[in-house]
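S.K.: Single-letter residue listing:
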Amino acid sequence: MDEVKLLGCWVSPFAHRVIWALKLKGVKYEYIQEDLSNKSELLLRSNPVYKKVPVLLHGDKAICESAVILEYIEEVWPHNPLFPKDAYERALSRFWISFAADKGNAFHSFIVSTEENREKSKTELVEVLKIVEDQALKDQEFFGGDNIGVVDIIFGNIPHWFEAMEESVGVKVVEPNTLPRLHAWVQRFKQNPVIKHNLPPYEDLVLFVKGFRQSLISKTPNASA
Amino acid sequence: MANEVTLLDFWPSPFGMRVRIALAEKGIQYEYKDEDLRNKSPLLLQMNPVHKKIPVLIHNGKPVCESLIAVQYIDEFWNNKSPLLPSDPYQRAQARFWADYADKKIYDAGRRSWTTKGEEQEAAKKDFIECLKLLEQQLGDKPYFGGDNLGYVDVAIVPFYSWFEAYEKFGNFNIEAECPKFIAWAKRCLQKESVAKSLPDQHKVYDFVLQMRKKLGVE
Numbered sequence: 001m002d003e004v005k006l007l008g009c010w011v012s013p014f015a016h017r018v019i020w021a022l023k024l025k026g027v028k029y030e031y032i033q034e035d036l037s038n039k040s041e042l043l044l045r046s047n048p049v050y051k052k053v054p055v056l057l058h059g060d061k062a063i064c065e066s067a068v069i070l071e072y073i074e075e076v077w078p079h080n081p082l083f084p085k086d087a088y089e090r091a092l093s094r095f096w097i098s099f100a101a102d103k104g105n106a107f108h109s110f111i112v113s114t115e116e117n118r119e120k121s122k123t124e125l126v127e128v129l130k131i132v133e134d135q136a137l138k139d140q141e142f143f144g145g146d147n148i149g150v151v152d153i154i155f156g157n158i159p160h161w162f163e164a165m166e167e168s169v170g171v172k173v174v175e176p177n178t179l180p181r182l183h184a185w186v187q188r189f190k191q192n193p194v195i196k197h198n199l200p201p202y203e204d205l206v207l208f209v210k211g212f213r214q215s216l217i218s219k220t221p222n223a224s225a
Numbered sequence: 001m002a003n004e005v006t007l008l009d010f011w012p013s014p015f016g017m018r019v020r021i022a023l024a025e026k027g028i029q030y031e032y033k034d035e036d037l038r039n040k041s042p043l044l045l046q047m048n049p050v051h052k053k054i055p056v057l058i059h060n061g062k063p064v065c066e067s068l069i070a071v072q073y074i075d076e077f078w079n080n081k082s083p084l085l086p087s088d089p090y091q092r093a094q095a096r097f098w099a100d101y102a103d104k105k106i107y108d109a110g111r112r113s114w115t116t117k118g119e120e121q122e123a124a125k126k127d128f129i130e131c132l133k134l135l136e137q138q139l140g141d142k143p144y145f146g147g148d149n150l151g152y153v154d155v156a157i158v159p160f161y162s163w164f165e166a167y168e169k170f171g172n173f174n175i176e177a178e179c180p181k182f183i184a185w186a187k188r189c190l191q192k193e194s195v196a197k198s199l200p201d202q203h204k205v206y207d208f209v210l211q212m213r214k215k216l217g218v219e
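Chains as they are written, first to last, in the UniProt record's numbering: chain S, 1 to 225; chain C, 1 to 219.
Just chain C, same shape as in the assembly:
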């Protein structure tokens, strides 16, 4: 049966980027559909009726919702090349743990760093840096979280890098000064074609966040 793959996405979404990277790593041909989140398509509402969110991976008509679930699904179904999760159960547990940590911490702290002001913003920046420092420790001397090659945790975290210019400008802090190892890791990932073609330019994301802030009334 021919594999028909469609990705419902929104170009600045770090969650969408995860799925793009996974599909690229596996060399899967797919149709990319950018959604207007203020005017969601009938297809999106039909494929993700519970959350009505992107990304949604549609494989032969069946939807897989939630980015990390889609990445795991891609890894399991297309298991003939570029494995993203390790084969050892304990290492898989570690990978799942750290991807989940990134979900719980990076997105939230990052978001607070550009949507809040004053004390709240300072707290968000502190949380954000602490989170990256913990991840730097996890990385250790490895080139990637996945070891010698890009793995599940790399795919889960690197998309947030495309938002760093926005975080830095609006949060007024220098991430590279605090977490040089993290930045070096992100740049290393960007040398991979799958990552380079899945992440938008940081400046484009910055412009997008600028517009969002105006709409949200954050000055």
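Chain S with its partners taken away, still in its complex shape:
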């Protein structure tokens, strides 16, 4: 049996997608923490194109990009499936994976938002999240139906990471009166034993996000703290 290793970073939601998938399937792996300000030879060799985490190492094979890694994990370890069996349902799951990647800008705008444009940024983000709530989550317990699936994992940065962003910016976006089903899903997702025990420490995350936000704001033209 080939060894499995994961190159990750404690703060990365993308690395956590892979951690959750491996743990939900009970796959044993070695976690290697990367210092992104001083990337290891192994990381640079394994992901020469992007030089980013996460990277899954399976024997002598390196798989990069979290969405690609999730498909790989599903195919190599098909038990406890995270993707639907039906081809059409799978296409829908992939649609939401792509949607999440596409909407990074809305989250970015929110994190660098200032007093002046905060409300506008929040409104835009609520619009995006309403689509997710109405069309992806609908009335289900999880995006995957009765159980956590790949789309839950993909939106898994909304709990915890986005909460830390809300705290940094000083504005709540995912609220029970505006996004009731998504808000309920956030609580439910965090309660899952695999997820609960595989999250970065919240206070450390908030500190990190606050620092990250400051550095982004100082780089963004026309923005002020």
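Calculated from the structure, these hints are not laboratory results. This structure is a prediction, so every number in the text was calculated from the model and none was measured. One should not assume that every hint holds.
[Unchecked claim] In silico DMTMM-like cross-links for lysine to aspartate or glutamate, where the CA-CA straight-line distance does not exceed 25 angstroms: (1) K51(S) x D127(C); (2) K133(C) x E176(C); (3) K103(S) x D127(C); (4) K169(C) x D88(C); (5) K81(C) x D86(S); (6) K103(S) x D100(C); (7) K28(S) x E89(S); (8) K62(C) x D75(C); (9) K133(C) x E75(S); (10) K52(C) x D146(S); (11) K62(C) x D146(S); (12) K85(S) x E4(C); (13) K52(C) x E124(S).
Following the hints, put chain C in place on chain S, whose structure we already have.
M.R.: Just chain C now, with coordinates in the frame of chain S:
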């Protein structure tokens, strides 16, 4: 159940071309509908309410949006001939990685090469060539990215070739001089009927981009 397949598309779209090639490779009969993107049809808005974009593959009334997702769906549903993705999970991961790379890099750099000027344009051209050179390395000595036959990555990338005359004329550079292997690969793909009938003539695309530039006010 009879398979009813419709493709909502726009003739110069490289994303639409991907789906056309996949359908042709599998020998699927379908209805092609060209959209006027300034006046989107009620069907398009109904089938892709989230993005309102083409291409949209409609199979027995159900929409599949996003070109690479549609290509994967076609490959999985019509799995009796011409497989586009390999069967080995690691090779599939590689194919997905490179198709995603093409999405992130070629389209963006290509677009910047005809919509910008000066330093920005020079940077775009440099990025574009670097991207093609990396893909040439990936191709190696294989006839296709898919090996001996056209595969997922070939389908994902070859449509951009139909835009090369436009990129070259407006960017003022010679892609073949920098990336002869890439051009040779593209021409090899064009010898396949599925590709030849799915890609518009480069000159037609050039005329289209010329009109777009006028509309966008890029001179």
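S.K.: Taking only the CA atoms, is the gap from K133(C) to E75(S) under or equal to 25 angstroms?
M.R.: This hinted pair is violated, its Cα atoms lying about 31 angstroms apart.
S.K.: K81(C) and D86(S) were given as a pair; does the straight-line alpha-carbon distance stay at or below 25 angstroms?
M.R.: holds, 19 angstroms
S.K.: Given the hinted pair K133(C) and E176(C), is their Cα-Cα distance within 25 angstroms?
M.R.: Cα-Cα ~11 angstroms, so holds.
S.K.: Is it true that the CA of K28(S) sits at most 25 angstroms from the CA of E89(S)?
M.R.: violated, 28 angstroms
S.K.: Can you confirm whether the C-alpha distance between K169(C) and D88(C) stays at or below 25 angstroms?
M.R.: violated, 41 angstroms
S.K.: Given the hint that K85(S) pairs with E4(C), does the C-alpha gap stay at or below 25 angstroms?
M.R.: Cα-Cα ~22 angstroms, so holds.
S.K.: Mind checking the alpha carbons of K52(C) and D146(S) for me, to see if they're no more than 25 angstroms apart?
M.R.: violated, 30 angstroms
S.K.: Between K62(C) and D75(C), does the CA-CA distance stay at or below 25 angstroms?
M.R.: holds, 16 angstroms
S.K.: With a cut-off of 25 angstroms on the C-alpha distance, tell me whether K62(C) and D146(S) pass.
M.R.: The hint holds at about 23 angstroms.
S.K.: With the threshold set at 25 angstroms, check whether the alpha-carbon distance from K52(C) to E124(S) stays at or below it.
M.R.: holds, 17 angstroms
S.K.: Is the Cα-Cα distance between K103(S) and D127(C) 25 angstroms or less?
M.R.: The given pair, whose Cα atoms are some 24 angstroms apart, holds under the 25 angstroms limit.
S.K.: Is K51(S) within 25 angstroms of D127(C), Cα to Cα?
M.R.: holds, 17 angstroms
When each numbered hint is compared with the structure, violations occur for hints 4, 7, 9, 10.
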